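Trainee: Sequence:
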Amino acid sequence: MSKRILAVTALIALLAAPMVVPAQEASEEDAIKALVQAAYVDGLQNLGDLEKTRAGFHPDFVLLGLRDGALTKLPIAEWIASAENRKAQGQKPPLITCKFLSVDVTGTAAVAKFELYREGKQIFTDYLSLYKFPDGWKIVGKIYFRHS
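Numbering (this note's numbering), first residue to last: 26 to 173.
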């Protein structure tokens, strides 16, 4: 009888173990989505709280772009400075909204793919790379496609 109880307990433990990982991954995905929304969409794109942008981006972040077949680079410090200048000049861009397509997490590495919309029109598909540091997730790189 005790062997049967032990076998049933072991089977339940084995069946329950896979449920723990997706729940943990889901919470990491939620943390990444919240970070992207606060630091990138609300802060940087919509000229909101740029302190949240500074907190959410790693200081060595680089935006990589493809312009006329050449790779361009924009460090986060320059991007934030540009946003601060526009904000100081009173510029208020039309609200940009975000639709997440996927968040893929493997250990301490992640990639978020999402679409950005302005006035209901899709303007970008972005791919952000993130790493999880001791103080949480940080955006470390970006590539994108600009929709015409």
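The set of hints was computed from the structure by calculation and includes no laboratory data.
Some hints here could point you the wrong way.
Under the rule of at most 27 Å between Cα atoms (straight-line distance), these lysine-lysine pairs were calculated in the DSSO-like manner [claimed, not checked]:
no.	residue 1	residue 2
1	K77	K146
2	K157	K146
3	K124	K138
4	K124	K146
5	K117	K138
Note that the structure is a prediction, hence the values are computed from the model and not measured.
Trainee: Could you run down the list of hints and mark each one as holding or not?
Mentor: Hints, one by one, checked against the model:
1. K77 <-> K146: 26 Å, holds
2. K157 <-> K146: Since the Cα atoms of K157 and K146 sit roughly 32 Å apart, the hinted pair is violated (cutoff 27 Å).
3. K124 <-> K138: Status holds; Cα separation ~9 Å.
4. K124 <-> K146: 12 Å, holds
5. K117 <-> K138: 26 Å, holds
Hint 2 from the list above is the single one not met by this structure.
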